[in-house]
Amino acid sequence: MNQTAKNQPPAQPGLWLPVWTLAERELIRFLRQRTRVIGALGQPLLFWILFGAGLRNSFQAPAWSHVLGRELTYQEYFFPGVAVLIVLFTAIFSTISIIEDRKEGFLQGVLVSPISRLALVLGKLTGGMLLSLIQAGVFLALAPWMGISIGPLQFVLIFGFLALLSFTLTALGFVMAWPLDSTQGYHALMSMLLMPMWLLSGAFFPGGESGWLSWVMRLNPLTYGIAALRRLLYWDHTLPTSIGLPSLAMSILVTVGFAVVCIGLSVVLASRQSSRNAR
Amino acid sequence: MPASAPSISVQDVRFAYGERQALNGLTFAVNDGEIFGLLGPNGGGKSTLFRILSTLLPLQYGTATVGGLDLATQQAAVRQILGVTFQSPSLDRKLTVQENLKHQGHLYGLRGADLQSRIDQGLERLGVADRRRDLAGKLSGGLQRRVEIAKSLLHRPQLLLLDEPSTGLDPGARIELWKYLRELRQEMSLTIVVTTHLLDEAEDCDRLGLLHEGQMVALDTPDALRSSVGGDCLTIRSRDPERLASDITAQFGVTVHRVGDLLRIEREQGHDLLRDVVAQFGASITSVTLGKPTLEDVFVQRTGRQFW
Chain A
19 MNQTAKNQPP AQPGLWLPVW TLAERELIRF LRQRTRVIGA LGQPLLFWIL FGAGLRNSFQ
79 APAWSHVLGR ELTYQEYFFP GVAVLIVLFT AIFSTISIIE DRKEGFLQGV LVSPISRLAL
139 VLGKLTGGML LSLIQAGVFL ALAPWMGISI GPLQFVLIFG FLALLSFTLT ALGFVMAWPL
199 DSTQGYHALM SMLLMPMWLL SGAFFPGGES GWLSWVMRLN PLTYGIAALR RLLYWDHTLP
259 TSIGLPSLAM SILVTVGFAV VCIGLSVVLA SRQSSRNAR
Chain B
80 MPASAPSISV QDVRFAYGER QALNGLTFAV NDGEIFGLLG PNGGGKSTLF RILSTLLPLQ
140 YGTATVGGLD LATQQAAVRQ ILGVTFQSPS LDRKLTVQEN LKHQGHLYGL RGADLQSRID
200 QGLERLGVAD RRRDLAGKLS GGLQRRVEIA KSLLHRPQLL LLDEPSTGLD PGARIELWKY
260 LRELRQEMSL TIVVTTHLLD EAEDCDRLGL LHEGQMVALD TPDALRSSVG GDCLTIRSRD
320 PERLASDITA QFGVTVHRVG DLLRIEREQG HDLLRDVVAQ FGASITSVTL GKPTLEDVFV
380 QRTGRQFW
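Here the protein sequences line up with chains A and B, keeping their order. With the working numbering applied, the first sequence corresponds to residues 19 to 297, in that order. With the working numbering applied, the second sequence corresponds to residues 80 to 387, in that order.
The following block holds chain B by itself, in its conformation from the complex (with noise of 0.2 Å):
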């Protein structure tokens, strides 16, 4: 099979709220059928980038596809393609489960026996058939999040936006979406874009986007940007941490990097290091940590930022 269209692609995208860039020239494509990431800590731009994508926010700059669709000049029809789920659940809290699906499809152009049909597959299919007569608003914002997911469904989008789906969820409920959310894009054929800034979440994506400053820093599978580190990550936490980093390159000829109170080095091996240094300067560290790097010292990497 011939590798598909890519289901969104932008180009420099820019977007300023007044005098604040928010949006530093994006370029970045989404392939068909894959669960992509946009990971990032608050305030680094994906906000605003899920907003332009799901027509709230208007392109001010750059150029955008969603679907094959021009994002500036087809928004109706992009909308059409497209399901999104809020961060803020959209459901009405004073309509019940089954109401709140119905107007959904009616936005839609659905009616009748298909509606219905479609609603009793989605709520099945979410596991909250049994809820359909109560208000929406007597959900848990677990099940909420997941009706919410069912509305965005119902008319058969090509590509699902998710705006922080698991935030507010407990772990178990978590791991619940995500077990969906792989079914659906199996059974669906469908596109998922999350937007996330928790890094657990992060690594269940296929590909992944580090937005940072509203330009993208990294961008590929969590098992590559993990490899692009190299080696082991130590992060050393000492009161002194200037005079501390300064000696254990005269000592080691190694590389530190300084991110805030914290003192990080990659290196092969690490474990060696460890101990020497232990050995050598104990008395002046607080506390010290040896891993595989993860996807937050890939974005610590990148941008010389702490990610929190």
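Bound-form chain A, shown alone (with noise of 0.2 Å):
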């Protein structure tokens, strides 16, 4: 009998090593659905183009605008709220899928394995972090036409940030897609939730200093991510402080924490044993 075999320790995985192979599955999954390209990065680009063009006469830009000595266009304005949006709907795509891998049966294969709950996580959000970093960068390439350009020290503040926020925009993803079985179901938590959220964050329109849609605001974290992004982008600018523009400290530290919650919590789900997992 082949004792040798079985008494051999069995490997660890570590968690880098699972974390690199997830996520790599999620760039070669992405690249083989053109669909998925054209939806995450073509709609936004068409939002902007289309209301950039119809909004252009009715918008009153914010009082901090006069501090770039000339003109904010509307196009400008909801430059940085765009690449959000492709942050945003690249973390969609990228944690709808959980539920089709539960459906189909990968999920089971990876839940069986000795990977880490931690890892399983990580392994999702670097995917979507990595898609949307591409996405964005795409984006952010036109930037110069906008009059906003951009340094060597701004690019890599520019691109941590957008690291930062991918990856908890995709853990918050996780969370939502976690414990529903239909993508139908996240469909309806995206138009109720997500697209309000990004709405409602300085990224579509300024917003009030006061009412309650002030408030919604200063308690809405893509606000602070947005507010950062947008700051970075005027990095030689001193833009003063309001409700939908809070300091670039307070931005990083909301959207840290926020990303921390998400993260915690997508762990905390993914670690529930539970027959949904099974097919």
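Incorrect hints may appear among the rest.
[To be verified] Below, simulated DSSO-like cross-link-like pairs (lysine-lysine); rule was C-alpha separation at most 30 Å, straight line:
| # | chain 1 | residue 1 | chain 2 | residue 2 |
| --- | --- | --- | --- | --- |
| 1 | B | Lys217 | B | Lys258 |
| 2 | B | Lys173 | A | Lys121 |
| 3 | A | Lys121 | B | Lys371 |
| 4 | A | Lys121 | B | Lys217 |
| 5 | B | Lys173 | B | Lys217 |
| 6 | B | Lys371 | B | Lys258 |
| 7 | B | Lys258 | B | Lys181 |
| 8 | B | Lys181 | B | Lys217 |
Keep in mind the hints are simulated off the structure, nothing from the lab.
Put the two chains together into one complex; each comes in its own frame, and the hints tell you how they fit.
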């Protein structure tokens, strides 16, 4: 009898090899589905062009725009909002696949493997992050046409922040997708929760200084994501703080806090053993 | 050689989905190196047991060890020595066969040349090496099942769990599959646990546990189970089974079991009884069969229910 094979200590998967392999799978799957590329990048781009043209004349630039020393067009105001929308859509598309993975059976194979649940979550989030960075990067290459110049340090900071934000939003998507059994349910959550969250973050319109809307913006964690990106894009200008535009330190702090909460929740959810995970 | 420790030991395991009790105090052991079958109708508790053993479901009550490791407290270690082949393959259909196996290897800490040689061997072994560049979703059900098995054996587990491995396979593919399983057991000194609701498939196992309503109603080799029924088995279908049963008992003094619309009589020299019953009550009999007991008869005898 072949005892040597049995007595070998089993290999330990560790954390990073499984994280990387799960992320790589996300990238391969993404590239094999062309419609996903169109969906995540194309729709925000279309919004940007159409709304940019349509709202050009009725747009009232926010008070802080005077520090730029030139007119802030709606297209330029909307620019960071569209970048965040690309990140949000990518996060949605990469986490909706959790539901498909469970249905198609792939997930159960991962769950009976010896990897930690943290590795499972981080694999998904890393995949979502890389896809976001690629797509948002393509879009941000248009910045010079908006009159926004991006220096090397700025470039690093912007991508560093986008990495954090996409990690966070993918984790948020994970928390929403994990308990669901149908992609229809996810679509409902997307239009009732994620889209309003984006609309009321200062991405689409500046928002007032008072009234209930200003409170929604204050409490919306994505407001801080948009604000940080906007401030990094105008790195050379000192923009005054307002409801829709909190300080950079505050914005990063809130985003990090939101990330920790979402990742923590994802790990807790993924650690629960449930008959839902078996096919 | 001293008898080795059991590969799986299950003591008084119970499991409930909310109010519904799925496992009701199961106790059994699987020996090292055997092919052990869990046979039962759908809803009998096989799938629940499979999910508990494969660590997808928690152990709610009772104790269980897998390869000597405690299923409740040493889950991570159990996962390393366990290979699991799911009924619905866990392959990513949008990845190629090679990619599926590569990712699986990484999840088990395998990499590089060692991983590639294991992939090559596994695909060769299961006769799917020529399909390695195809997308998994393009393969037939039988080939997907083989890739799934290659996938679950990549880390050379001590124990292979297979859930309904023949479901969706044509008879030829099923025979092939079982040939592979027996060879694999020999070569890798593997213990194999199979759940099935197919009586034919159960015949292929070394030992068989019959599950009914969350309990183990019988456990032995298929031969021993069959001979426990004794003699021949006469099955009669009738329009009025109640009356026929009492008539036969009155006339021949034999015990008649009623199972649904069918009457069953276990008896040595069944052909004599068959001749007499048909001669006497031919008019009220729709059909009658006589045979050596099957695993279905064992199930009926132990539970008083039809298998299907």
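Going through the hints against the structure:
no. : hint                : result
1   : Lys217/B / Lys258/B : holds (24 Å)
2   : Lys173/B / Lys121/A : holds (14 Å)
3   : Lys121/A / Lys371/B : violated (43 Å)
4   : Lys121/A / Lys217/B : holds (18 Å)
5   : Lys173/B / Lys217/B : holds (9 Å)
6   : Lys371/B / Lys258/B : holds (26 Å)
7   : Lys258/B / Lys181/B : holds (26 Å)
8   : Lys181/B / Lys217/B : holds (18 Å)
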